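Asker: The lines below spell out each chain.
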Amino acid sequence: MARLFVFAIGGTGTRVLKSLTMLLAAGVKPRTGNFEIVPIIIDPHKASDAMKKTVQLMESYQKIASEAKCKNGFFGTTISTLDNIIASENKLADNFIFDLQEISNTKFRDYIDFNQLDEANQALADVLFSGTSINKRHEKISLLDVEMDIGFVGNPNIGSVVLNQFKDSDEFREFANNFNNGDRIFIVSSIFGGTGAAGFPTILKNIRGAKNIKNITGQGYLENAPIGAITVLPYFNLEADDNSPIQRAEFISKTRSALYYYRDNVSGNNSVNALYYIGDDYSGKPYKNDPGDGGQPNDAHFIELAAALSIIDFLEIPDNDLSCNNGKALRPIYKEFSIRSNADPIHFSDLQEYVDKKIRLRLSQLALFKKFVDEQLIHSAGKTAWSTDIPEINNAFLESSFFRNTLIGFLNSYGIWLKELSNNKRAFSPINMEGALDTFITDKKLTTGFLGAKKISFSIINEQLNKDSKGINFASSQEKFLELFFETTEKILREKYGF
Amino acid sequence: MNKIFGYTENNGNDWFVSAPYHDREIERIKDPQGGNVISLSTAIPSPFARIDMVKTAFKNISQTPNLKEYKLGGNVLASREDEKLVSDSLDLSELIFNIDNISELRIITWDKNTSLNALKNRSLKQKRFADTLELYLEQDKESYNFSLVRRIYLFEYKHKIIGGTSPVTLVFPSANDLSFAQMKLTTNDTLFDDKYSPLYSRDSEFQKYIYLLFKAYPILTEKMSGFSEYLRKNLEILDSVNHKLYEEIHSLRIENFISDYSELDTGLKGDVIDVIIGVNLKKRKKTDFISAASNSDFVISSSKYDGKSRPLPLVLQNNFNKALRYVNDLWDNNTKVPYYDKETVLEKRSLPEIKIPYPYLTVSDFLEPKIIRLVYPINKDYFDGNLKIEFGNDSKGYLLPLKPLFFEFFDVEDLTGGTVKFEIIQRTGEAVKVILQIPIKKQGEYITFERIYYPDPDEDIREENNKGEIIEQQFGITLFPFIKINNPEIAPFYRVQLIDRNISGKLKNTFYNLDFYSNNSNNAIEIKAKAKRSQKTASDAASQYYVLEKQFDFIQVRNDLANGIIIPLWKVYQAGNEEYSFAIDFGTTNTHIEYRIGTSSPKPFDITSQDVQIATLFDPIKTSESFGGTDAIDIRDLIEHEFLPHRLGKDADYKFPHRTVLSESYTLNIDTETNTLADFNIPFVYGRKVDKGKVHSELKWAKKEKGNEKRIGAFFEKLIMLMRNKVLFGGGDLNRTELIWFYPSSMKRGRKSDLENEWNRLFEKYFHSQNKPVGITESLAPFFYFKGAGKLPGGSSYRPVVSIDIGGGTSDIVVFQKNIPLFLTSFKFAANTLFGDGYSEFGSLKANGIANKYYYHFKNLFEQNKLYDLSKVLDHLTSNKAADINTFFFSIENNPRVNDQGLFSFNSALKNDENFKIIFLYFYSAIIYHIAQLMKYRKVDLPKHIIFSGTGSKILSIISSDNKLLAEFSRMIFESVYGIPYDSDGLNITIEKDMPKEVTCKGGLMCNHADLTLNTNNIKEVFSGVAGIESLCYSNLNEINKNQIAVSVEDFNKLFLSLDKKMKFIDDFNVSSKSFTIFKSSFNKNIRDYLEEGIEYNKKLDDNSASDKEIEESLFFYPLVGIINNLTKELAD
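Protein sequence lines, in the order shown, are assigned to chains A and B.
Numbers 1 to 499, taken from the numbering used here, label the letters of the first sequence in order.
Numbers 10001 to 11133, taken from the numbering used here, label the letters of the second sequence in order.
Please keep in mind that the hints were generated in silico from the structure rather than gathered at the bench.
Since we're looking at a predicted model, the values are computed, not measured.
All C-beta atoms in this analysis are idealised placements derived from N, C-alpha and C, irrespective of residue type, glycine included.
Any given hint could turn out to be false.
Restraint-style ranges between C-beta atoms, simulated for each label pair [to be verified]:
id	chain 1	residue 1	chain 2	residue 2	range
1	A	Lys-52	B	Lys-10120	23 to 31 Å
2	B	Asp-10193	A	Asn-180	46 to 54 Å
3	A	Gln-101	B	His-10159	28 to 36 Å
4	B	Lys-10112	A	Asn-135	32 to 40 Å
5	B	Lys-10286	A	Arg-331	55 to 63 Å
6	B	Lys-10120	A	Asp-374	54 to 62 Å
7	B	Leu-10252	A	Arg-331	43 to 51 Å
8	A	Glu-119	B	Leu-10561	31 to 39 Å
9	B	Ser-10179	A	Glu-119	20 to 28 Å
For reference, chain A alone in the conformation it holds in the complex:
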C-alpha cells in the first residue's frame, strides 16, 4: 500500500493532523486508492498540550484500528508511525514525533556555535540573525539569544537553520530509505508562526535536494517525489499583548513577507506539486495570547478541518498530475478552498456539495455512534439481539480497556473536537451532540412522521442494528462493534435523515 508521509509542522501542523485523525476515524477516505498515513510531527515545542493530545489521539486511533481490524468504515485508514514501517533494525521512537536535537535549554547562539565562529562567519551570522525577540519571561532579547524549545515563535529564519537538522536525523534517513515509488508526501504548516513557516521550506528543500544528502537511499525518488503542501494563512484573531512574541499584526506582515518568499522560492521555482492555500480574514473573538510552556491552547477550527481535507484532496490527485523532473513539479497545482456562503456558523449545507457529501455522512455516523454509545448502549447491551449474538457486546466488553479507555476516550475527544469547532469563530457546527436524535444534525431537523410516529429513536436504531448484525460473522467484539455501527449508522442516516 502506498504511503502518505504527512509532515505536520508546528502548532498548526499538529492541529490539522488532529482534524485529519477525526476525519479518518469517521471513515473519510480519498475517493481513489488507499494510503497508509505516516504522520511525522515536527515541533520543537515538545511541552505543547495540543501536541501531546494529538499524539495520544493518534495512538488511540491506532489501537482501535488494530484491535478492531478496521478495513473500511470507522478507523478504516491505517495510521502508522515511522517506526512502524521501517524494515531496518534501527528502531525509532514510536510516537509520531521527530525529536529535534540540542534544542532544550539551548539558545540559538549556542546552537550555531556563534561564539566560536571565525570572524567572517560570525559577522555574517550577526547580521543575518540581527534583531530582537521576546522570551517566555517577556524580556526583550537579542535574536541570537532566543531559546528554541518553545518553537521558533516569530523567527522562522532561526527555525530554518534549526529544523535543517532534520536532514541529518535518523528519522529522515529512515523516511528516505523507506520512501517508495508511489508514495507521496504532504507538508502541513502555517505561514504566520515560526516553526511551520520555517519547517516547510526546509523540509521541502531537503527533499528536493536529497541528492546532496549522504547516507540515504532513495534520493532519486525523493527528489522527484509527489509533494503536496498546505500553507495555512492567518485565520484567527489574537489578543493584543505587547509583551508576547506573537502579534496578530505581525501575523499579517509576516504572512505577506513569507508569501513573497514562497512566491519566489516555493511556488516560484515549482518545488511543490500541489500547494494548498487557506486562511480566513475573519476577525472574531481573539484567542488568548499564550506562547508559553503550554502552548497556544486554541480550540479546533474549521480551517484546520478544511486543511485536513486538503490532504484527502491531494490523495485524490492522479499520479500523472504529480510528476517531477529534476526536483521540479512539471504541472504544479495551486488550490484554494471555498464554501457556499460566508456563513457563521457553518453547517454542512454551507459546504460545497462534494465535501458536504464526503464528510456529512461520515462525521454524522461517528457522531451518531458516539451518541448511541453515550446515551443508549448501557440500555441495549446484553439485551438486544445485536449485542447478545456472538461475539457479544456485553458488560465484559463495556468494561474492557479497549472500550472504556480507548474507544470512549477517542469518542469523547471527537465530541470535544466538534464542540470546539462549533464554539470557535468562525464556527463550524454541523452537529450538536447535546441535541436530540432528531435535531443533532443542525441543518437537518427531522419532523414528526406520518400518523405522529417518531421518525427516529434509539429503538429504531437498535432494530436496524439487529437487522444488520444478523448472519454476519465477526472475528471479535471490537470488530463487530465498529463495523456494525458503521453500517447501521450509515443506513439510519441515509434512510431516516435522507443523507
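Starting from the known structure of chain A, arrange chain B on it as the hints suggest.
Answerer: Leaving out everything else, chain B in the frame of chain A:
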C-alpha cells in the same frame, strides 16, 4: 455566493484549482493594524530572511507615490517597516559611499567558498550551520542572485556589524538597534534615526552615484529589479522636487562613473567590493567634500589665510539660528558643535555631525581655557580687549584669552580695528565673559564665540563645557623701547622685562615663558637671548629679560596654569630729518649726556612724558600703590632697579649726570654670553634705594679684564640705546646722528682705543650713522663751553686760559692761548683724593675720615626724618669704598624725597665744617701750584682765566663761595711760583656751580669738532718736577729722583704755609685753629712713604705691564694723596 478562504479572487468549489499567490494576492491580505508595527522579527523561513525583507521592502515602497509608507483604502501597500528598511539600506549605502569620512568602519569579507569550508571543518554545530547556508544559497539562488555572489561584505562600525552587501539591494542593514551609528554625513539627515529619508531627499552626490552605478552596470536593472523600480520612481519625483538634479541625472555619462569616484576596497588596495560578480561599489572622492565644504557660508573670512595651500576652515558655533548654507544643506540649529575638538591638526578634523573630513574651528580653538587676571588695570598702551566693567571696579586687568591659532587667521589690527569684534566683560560674581565675533564668508555675518570664566575652580570648568576659569596672577611686563620702526632698513632692538611676583599659593612654583609673534608668521620670532636676573623668594619677585632683534605684534604669556595674549599698541616711528647730536661724558664717578637737536642749545639727556621709552603692562596712573592690596610692588620697583625709569631729567626722579654704576645679578656668570638690559642695567635708583643686585661703581678705571670690559660695554650700550630711542621717539634721522665722547688725557692709549672701539661698534650697530663717533679729550671741551657761552670776561685770545676739570679720579688741565690748546696735563689727583680711600687697597668707611665722620651725621638725619630707604642704602654702602659713600652723601640733596635740601646738603655741611676745610684748601693749592710750575716751566704767561669744570670742582664752593677770594688765593700761588706780580687785569676764576659736570658735554657740542680732534698726545705735558728728567718711567725711578720728588712736595708745603701769612686761613677760609694745628704737625710727615705707596698703587693700576713706559703723570701728587687721606682721619676726630 461562495466564500473563498483565500486571496486570488478565483472561484470554484471545495478545494478548487486556483493559482499561486503573487503580488496581487499578497497585497490583498489586510493588516488590521495598518502596517504600523515595526516588526520585531522576520517571517522569512530562510537564514537569508533579512536580505529578503529588504528586497521586499524596496518592492513595496516602489509602489507608493512618495516612496514612503502608504495605505490605499485600508490596504497597506507599504508599511512603516518597509520604509525603515529602505531608509536604513540607503543610509548604509550612503555611509559606505562616504566611507573615507568614517574612521571606525571596517569591512569584513565573507567568502562563499572559504568561509563555508571553514565552517564545515570545525564543530558539528558549525557544519550544520554551513549546510543550511549552502542549502538556501543553492535552492534560493534564482530569487537572490546567489549564483552571482562570490562574497558578502560585512560592515562593522564601532565593533558592531551594521549590515552587509546584498545581491538584491546592494546592501542590507542589520535589524539590531543601529542608533549607536547615528550620524550626519553631508546633510542634516541623520542616518539610522526614525526619520526615514527617501532617496530623493538625500545628498545629490549620493543620488547621482546610485544612478551612475545602475547606468554603469546594466545587469543591476535586471537583477535588482526592486531597487531599479525604486530608482525609476525616485527620478519621477525628482522631476518635480529637484528638477536641477533630475536634469543632471539624465545627463550623467558612464565615463563619469570611472572618473568621479574612487574604488571601494576592503582596506587592501585592489580588494574591491563587489555586490554581485562584476559589480563594484565606489566611494566618494575626497576632493569632492573639500570643494563642497569650501563653498560653505561658514568659511572663515580671513584676509591673512588665503586657503591656497590649506583649505579655509569653517567657523561654527552652537545655537546659531540663521539659515546659512552649511555644506550640502542649510545649517540646522540643533547641530551640536563640540566646544572642544581634541584633534589639534585642523586638516584631520571632521565637521560636526556630518562626517566630512574638513577643518573647522570652534570656540576652544581661539579662546583659552583660562583667563589671566592681573592685579592691576592694563595700560592704555596695550589692547585691553575692549574691557567693559559691568560689575566691580577697574582695578584689575585681563590678558586676552586668545590662542595663537587665532593669529594664523587674523592680524592684531583685525582685533584692535574691530574687523574681529572682541570684548571682555567683567560681570557680577566676578565672572568674566569673553565674546569673539569671527567674520564668515557670508557677507555681514559673524560667528560668535563666547566663554564665561569663573573665579572659583569647579569640576564643570572644562573646555568641553565651554566654561573657563579665572586665574589671578601677579606679574608685570615692560617693553623697551615702546616703538615700532616698520622699516626693514633699520634693525629693531627690544628688551622685554618680565617680573614674576607669584610668590605664594599654587602659582608659587610656576614659571613664565613669553613667545613673541609677528603678524607675518605663525611661528614665534627668535629670541636672541633670555636672562634671569632676580630669583624668586618667599618675599621677592623674580625677573627675566628677553633680548629681541625682530619686531613683534603680540606676545603670548605662557604660564604653567594659564596662557594669555598681550597686544602692544605700539607707537610708530615717523622718520624725520632732525639731526641729533649727543655728547657723553663717561666719568669716574658720574656720567653725563647732553644732546641737541639741530642747532638748538644743548641740554641734558632726558626722557620726557612725550617720549617715554618703556611701556609697562600696568597702568602707571590707575594702578594703586599696593597693586590692589596684593603688595606686588616689585612689579613696579624692579623696573627702576633692573630696567629703566619712565622718565629722566628735570622734574623727574632721576637725571643725568648720574653715577657711573652698573648693576647685575649676584649670580651672574660673567663668562657666559651677556646682554645689556638683560644681564646688566644702569640702576638709576642707585643711592636712593638699596641695590637689588650687585653694583659696580668703578668702571672707568677698572682693571682691564673680560668682565670689566663687558660691563663698560654694557654701560655704553645702555646709553646708546637710550640715545637711539630718543632719536626714534623724536622722529629723528638715525643716520645723521652725531656722537661725541670724552676721554681723559691721562688715559693710556690702549685703554682709550678700547673705549673708542666700543663706542664705534655700538654706534654703528644702533645708529648706522654716516658720522663716526668723535672722541675728545675731556679737558678741552669745557673751555669751548665757557667761551661759547660768553663766560670769559675780557675774552680768551690774549692771555692764557687755564681749564681745570676736576673729576672723581683725575684732574685734567689744559692751557689755552689764543683759543688754541697749548698743552695739557692730567693727574690722578681729584675728588677721590679727598673723599676716597687713599692707597688702602680695600676701601671702607674707615679709610676716609670725612666719610667716617659724616656717616653718623647722615645716619642720624635719616632716622630722625624717617628716610628709612636712604638709611638702608647707607648701611648697604658701609662696606663700599669711601668714595662711594661720599658720593652718596653728595647725592642726597638731589633726591626728590628729601624736602629740606639744605639740611641734607653734604656740600653745605662740609662748607661749614671748619675742621676739614684746611684739607680742601691744601688740595686746591696743590693743583694750582702744580699748574703754575708747569706753566712757568713752559714759559707761558700768567693766566687770565682759570675755568673749573667737573664734579670735583664743587670742592671750590666748599672752600669758599666767593670766587674772587679764590682768584686772589690762586693769584698768590702763581705770583709765588712765577716770582712776578699780576697786572691789573688779574686772574679770574669761572665756575659753573650748578652744573660743573655738564659743561664738558655742552662744550663738546658747542665747539667745532675739527678743533678738538687734534692729537692731544702731541701737546701732553708731564711735569716731572725732577730737574733734568723730562719723563719718568718705573724703571728709571731711583732714590735720588724719589728724594727730589719728596723735596718738591716739601717745597710746596712750605709755600702753602707761607700763604697763610698773606691770607689768614683761619679768618678768610674759616679754618679752625685746632685743625690747622693738627695739619701743620702732620702734613710734612711720611712723604717718602706715601710716594712709595703711590708708586706701588699706580703700578698695579697700570697692570705692571711696561716698566719702561713713561709714567704719564707727575709723581708730585703721589705723596699728597697719602697726606690728604691721612689728614681726613686725623681731622675727623
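Asker: Looking at the structure, which of the earlier hints fail to hold?
Answerer: 1, 2 and 8
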